[in-house]
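Enquirer: Sequence:
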Amino acid sequence: MFDWIWHLRGSFSLRPGMSTKAVLDRIEEAMERQDKRTVRRSGSAIEFNDPLWSNLFGANWLTLALYDHGTMWVSDNADRPVFFYDMRSLHALVFCLCGAALFALVSLSEERPAMGLAVGLGGFAWLYGMNVLITLVRVPLFFRRIVRTG
1 MFDWIWHLRG
11 SFSLRPGMST
21 KAVLDRIEEA
31 MERQDKRTVR
41 RSGSAIEFND
51 PLWSNLFGAN
61 WLTLALYDHG
71 TMWVSDNADR
81 PVFFYDMRSL
91 HALVFCLCGA
101 ALFALVSLSE
111 ERPAMGLAVG
121 LGGFAWLYGM
131 NVLITLVRVP
141 LFFRRIVRTG
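Numbering (this note's numbering), first residue to last: 1 to 150.
If you are wondering where the hints come from, they were derived from the structure by calculation, not from laboratory data.
Values in this document were obtained by computation on a predicted structure and should not be read as measured data.
Honestly, I wouldn't trust all of these hints.
[To be verified] Derived Cβ-Cβ restraints for the label pairs, each shown as a range:
hint : residue 1 : residue 2 : range
1    : ARG112    : ARG148    : 49 to 57 Å
2    : SER44     : CYS98     : 32 to 40 Å
3    : ALA101    : ARG15     : 43 to 51 Å
4    : VAL106    : ASN49     : 29 to 37 Å
5    : VAL39     : GLY122    : 34 to 42 Å
6    : PHE84     : GLY17     : 27 to 35 Å
7    : SER42     : PRO113    : 23 to 31 Å
8    : LEU121    : ARG15     : 42 to 50 Å
9    : PRO51     : GLY129    : 19 to 27 Å
10   : ALA22     : ALA101    : 44 to 52 Å
11   : ARG148    : LEU105    : 22 to 30 Å
[Said to hold, decoys possible] Simulated pairs of lysine to any residue, SDA-like, Cα-Cα distance not exceeding 25 Å:
hint : residue 1 : residue 2
12   : LYS21     : SER44
13   : LYS21     : LEU97
14   : LYS21     : GLY43
15   : LYS21     : VAL139
16   : LYS21     : GLN34
The C-beta atom is built at its ideal place from N, Cα and C for all residues, glycine as well.
Put together the whole structure using the sequences plus the hints.
Expert: Pasting the structure below:
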């Protein structure tokens, strides 16, 4: 129901004649460069599972750093193949909620509940919201570049 908050999904058409194997090979290489270590590949899909705490002090500037789980697959339609992705940032969401709650608790200790709520919501919006806004642009561009140019 509200999974759009921690999921990023998308798709785009591939050039006619691109093989599923070639696309998945490119994606698998890109996952390695993005420090997504636990990658499983099957038929026409690649899946990674990389909990946030597995590399807390890793390279946070990487495009997929926010995501702890993802599936990428190719669907062969009659006209041309289509690349799909489904990325999850649930661990980052929980981490940011905890950080926002900490901000709110500090503000509540000064006996101003409205201020505590505002600080907590603002902290969450900044910590998680800004990261999601950035990845809403970066992730689709990343996949298009990897798949189309190799």
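Enquirer: Confirm or reject each hint.
Expert: Here is what the structure says about each hint:
{"no.": "1", "hint": "ARG112 x ARG148: 49 to 57 Å", "in the structure": "holds (53 Å)"}
{"no.": "2", "hint": "SER44 x CYS98: 32 to 40 Å", "in the structure": "holds (37 Å)"}
{"no.": "3", "hint": "ALA101 x ARG15: 43 to 51 Å", "in the structure": "holds (47 Å)"}
{"no.": "4", "hint": "VAL106 x ASN49: 29 to 37 Å", "in the structure": "holds (34 Å)"}
{"no.": "5", "hint": "VAL39 x GLY122: 34 to 42 Å", "in the structure": "holds (37 Å)"}
{"no.": "6", "hint": "PHE84 x GLY17: 27 to 35 Å", "in the structure": "violated (19 Å)"}
{"no.": "7", "hint": "SER42 x PRO113: 23 to 31 Å", "in the structure": "violated (51 Å)"}
{"no.": "8", "hint": "LEU121 x ARG15: 42 to 50 Å", "in the structure": "holds (44 Å)"}
{"no.": "9", "hint": "PRO51 x GLY129: 19 to 27 Å", "in the structure": "holds (22 Å)"}
{"no.": "10", "hint": "ALA22 x ALA101: 44 to 52 Å", "in the structure": "holds (46 Å)"}
{"no.": "11", "hint": "ARG148 x LEU105: 22 to 30 Å", "in the structure": "violated (47 Å)"}
{"no.": "12", "hint": "LYS21 x SER44", "in the structure": "holds (8 Å)"}
{"no.": "13", "hint": "LYS21 x LEU97", "in the structure": "violated (39 Å)"}
{"no.": "14", "hint": "LYS21 x GLY43", "in the structure": "holds (8 Å)"}
{"no.": "15", "hint": "LYS21 x VAL139", "in the structure": "holds (21 Å)"}
{"no.": "16", "hint": "LYS21 x GLN34", "in the structure": "holds (20 Å)"}
Of the numbered hints listed earlier, those contradicted by the structure are 6, 7, 11 and 13.
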